[in-house]
Each structure stands twice: as structure tokens, then as C-alpha cells.
Amino acid sequence: MARQPGFIQTWREMSPARRREMFAGYAFISPWLIGFIVFFAGPIIASFLLSFTRWNIVGDPVWVGLDNYNTIFTNDPRFIKSVQVTLTYSLFYLPLEVICGIGLALLMNRKLRGIGVFRTLFYMPSVVPQVAAALVWVWMLNARYGVVNTLLGSAGIDGPNWLGSPGYILPSLIMIALWGVGGSAVIYLAGLQNIPEVMYEAAQIDGANAFQKLRRITLPLLSPTIFFQFVLGLIGVFQTFTPAYIAAGATGGPLQSGLFYMLYIYNRGFVSMRMGYASALAWILTVFILIVTVIVLRSSRYWVYYETDRDRNK
Amino acid sequence: MAETSAHTTSPRRWPGTRLTSRQAEWIEKGLWYATLLAVAAVLILPLYWMLATALKTPQSTFAIPPEWVPSTLEWQNFVRVFEEVPFGRFLLNTLLLVVLNIVGELFAVTLVAYGFARLRFPGRSFLFLLMLSTLMIPYHVTLVPRFILFSELGWINTYLPLFVPAFTGSSFLIFLVRQYMMSIPFELDEAAYIDGASRFGVFWRIILPLSRPALVLVVVFTFVGVWNDFLQPLIYLNSPEMFTVSLGLSFFQGTRETNWNLLMAGSLMATLPPLLLFFFAQRQLIGGISIEGLKG
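These protein sequence lines are chains G and H, in that order. Every letter in the first sequence is one number past the one before it in this note's numbering, and letter 259, counting from 1, is 259. Every letter in the second sequence is one number past the one before it in this note's numbering, and letter 233, counting from 1, is 233.
These are calculated hints, taken from the structure and not from any lab test. Glycine included, each C-beta is placed from N, C-alpha and C at the ideal position. There's no promise every hint is true.
What the hints assert, rightly or not - If you only want the chain H side, here are some residues facing chain G, beta carbon under 10 Å, derived:
id, residue
1, Ala52
2, Pro65
3, Ala108
4, Pro122
5, Phe128
6, Thr134
7, Thr142
8, Arg199
9, Met264
10, Ala270
As the list claims (entries may be wrong) - Below, a list of computed lysine-lysine pairs in the BS3-like style, where the Cα atoms sit at most 27 Å apart:
id, chain 1, residue 1, chain 2, residue 2
11, H, Lys29, G, Lys111
12, G, Lys213, G, Lys111
13, G, Lys213, H, Lys29
Whenever a hint applies, use it, and build me the whole structure from the sequences.
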């Protein structure tokens, strides 16, 4: 309550009715308040402290100062590998998700007969549970019996051993994730439908072609949605776990080329039971995500268009 | 027809060709449909392949080249999944967790959202911001200490870690429902207070019934979230008879020489409930997603 300097004073000035409302208010939000303390704030503080200890859950934690961080940054090849894997994946997947999401949304936004059926079909894959989705792709990407290589074969291409060769694990995982892009396409679609039709009509009269309309109307007016989706995607992409666990394997697959950061945390924390080390890894990732998110939020004013800006410019 | 097409796509001249604008329009339409069909084919292929494999005999599962249409339809596979692995158990376990989580979320989310939306108290806006800020923190920071907390409590290999937190409400769902409740006119509350209603009465008799569309979203999101969750069951559950569907499927993949036809039959059954739910709640879902999209 330190953030509310007038709190005590307000309390004295409050009428009995306001005091009752205050009690009622806190009573109503108490489930969340309790959850926040027990399942969020407490664990976060605990994990910060634990990151300075060595602890395998039996016995007592041993305070080791900065040892965990020191080892992670100077002497942990698997940390380097997992950072490389996660960053490479993000670098390719995030732009692809935005491009494919918008592309799909533009298709879904055509005013054609039966478009509702297509919208449903495009959205459906994103409803498939992650484990089931990963499993069907593992089967489809099977080097011998898989349908993907059969299709490639009939086009005269000799398909690779997708999940069995280090170079193809990340492309496979990107493909699996892009299959569910309908989920974000629906949000882009909602954004597209908020763009007033008059804008396109005015552009039509001015003789704009389809590309100019996309470049000058659709994309700027969609930019708040793109921004929102990009931030969500950014936070999500660093936490990729399930598809990697299923498709690449719990230890990260051949040459650990599918060792995502979360998979590494899982292995350190819940397989080798090194709680202190895993906490340090989790904190590094959190700080990293926060920094990247802040940078992206800051950058937003250079490329995100908000309706209110227009009034300011006038 | 002419009227509607003039309404949707404006007539266009195609210079350099001998096509009339009407013919050009038909060609354009045809191209759009071709694109839509091509994209749909690619996106539906994995679902089709799941179904086709689920209906194959072991021999035709491993046929080279793969059979596009199963030569014989092996409906027995859907029975064999239940015999070879405790799939029925997995389904019941998951269903139990889904119900407990929905009850928990509905309980906590409605109360907390009402508090934030309709009652005035000092610290409210600070706490609301605090709640929103928890959405920005990735859940994995709390993964290790939560595990420690639950293991200290002796909750490992029980369902408690997988549903008790729901009774404190998810921040995202509270935010969603609170936004919805804010749109209900305050005059309704005031009228009820004048008629002598208590705060809980207003919550129970007025706000809650009017928030039903938002509560459908809570149910759908919770259902899908719990049904699909993999990491938490993986961490907290050890005994196979306690596994959820997602965890069971991955276990099934890992054990023996993978029976892909049975595994696909299981995957298909795991996919059906969220898929059906999506069809039933489609309208609310799309509406809710657009609310979410706009507020961001």
C-alpha cells in the first residue's frame, strides 16, 4: 500500500457506507488476491532467491552466490545451444506467422459465397490439441512412411529425414506451428473487418490498385492488431515446449537441434532435479523476454498507427 | 446475382484484353476460389491423414507408398485404443480436471471481475494494474517454485496442483469478464439498490445473468486450456492411471514400437471435444476474440 500515500487519511474520511463498500470490494477480489500472493508473487520471489542456491529438492538449499549464473554464461554448452535454437526458431517463425496470418485473414475476408465454410476450415487446425497436432505431423514427416515425402517424391523431390536430421528439425517445427496459424488469422480478420469500407471506395476513385490499397490502407490500419499479435507471439515463442518435446524428443533430438530453452529448463529442473540452476535459467529468460518486450513496445510509435494520432496531426 | 456481385466487387475494365468487365469478374472469382481451395486442401490434409490412418490395419498403415484411402476401414481401432492403453481412464481424468477447473474459474473469475468492475475501493486501480502486469510475465518463472511449493505440500502425483490454482481465477479471464461487466449500465445496479438489494444480490441476480456471453468464453477457454495442457500434467503426474489424454498420448508414443493407426485414433478422439466445442461456441468465440483483439 506504499503506493497509495493518502490511504490512511482516506480511511478516516470515509463514510461508513464507503468503508462497507471497501470491505465488500476486497472480499470480492480476495480469491485473486490470495492466488496472486500464493501462486505468483511468492513463487517469483522464491525463484529469485533459489537461483542463488544449489538444491536437488532433497536436503536444504546451499547458498552459492552467483555460481549458477557464472556457470550458465561461461561454461554451459547446452545453454548456448538452447539459446541458439530458440532464437533461430523465433527469427524465422515470428515474421512467417505475421505474413501467413495476414495472408490467411485477407483470404478469409473475401466477400464470396461459402466463405464461412473456408473460415471454419482455416481455423480448425488451431483447435487441435498441441500433442495431437505434433503427433500427426511426426507421422506425416516420417522419412519412410510419411505422406509429406510421398508428395515431395511425386514432384520429383527426394524428401529429407525431417525429424531425424539436425538441419531439418527447426523447419519441421516451424511448419507444425504454422499449421495452426488460423488462430491468429481470425484476430487479423477481426481487425480487417474494422477497417471502414469507405476508405477502399475513396482509394478506388483515386485510382489505387490492389497493392496500393494493401500498402496504404490495410497494413497501416491493421498495424495495432499486428503489433498486439506480434507481442503475444514474442512472449509465446520463447516458451515453446510441447511441440518440441513431442516432435524432437525430451532431450532435444539429434545433436540437440531441437533443444528449446523451455525444454532445457525442464531437463535441468524436472529431470535432473537441479532446482537452483533451473530457477536461474528461468530468470534469465524472463529478463530477456521483458527487455525484448519493452524494446518492441517502445518501437511501436514508429510503425503502429493509432486512430487518435490522426487528430493530433491535424 | 448481378445485383449482389455489383455490390461486392466493383466493375473493372481490363485494358489490353478483349474481356468485358463481367467476364473478368468471373475469372477473378474463379481464381479466388482456386486459391481458397488450395489453401484449404493443405490445411485439412493433416486432419484427413489423422482420420485415414486411424482407420487403417497395421499392414496398410506401413504400406509403401502410403494408401490415400484405406483399403479396409478398421473401425475396431477405436475400440482397441481403449484395450491397449487405459484411454478411457485418460478421458475420464481429463474430464474431471476440466470440470473442476471450470467450476473454479467460474467461481473466482465472476467474483473478482465484479469487484473490479462495479465496486469502488482504495487501491482498486493499482491492484487491477498489478493483475494486468502478471499477464506480461511468462508463466515459466513460477514453474520451479510452484513445483517446490506443491511438493512441500505433498501434492505431487495428485490432481491438486492441476485445479486448485483455478479457484483463484486466471488474470486473463478476469480481465475479459471485467471488461464485459463494465459495459453493463450502472443504472441497473442503482435501481436494484433502491429496491433494497444487497451487493451480493446485485451480483447474483443482475450482473451474473447479464454476463452470460462472457461466461461462455470462460468455459470455452478453460476447457480448451485444460484439455490441451501438457507441461503441467507432465510435471505433476507420475502414475500412468492418473494421466490426462495429452500426456497419455505422448506416453503411448514413447513406449513400444509405435502403432501409428492406434495413436492416430487416440489423437482423433483427443481432437474431437475441443473441435465440437468450437463448433457450438463459434459465434461467441469469434466475438470474444475480436473483443480481445480490439482491447490490445
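Numbers of the earlier hints that this structure fails to satisfy, in rising order: none
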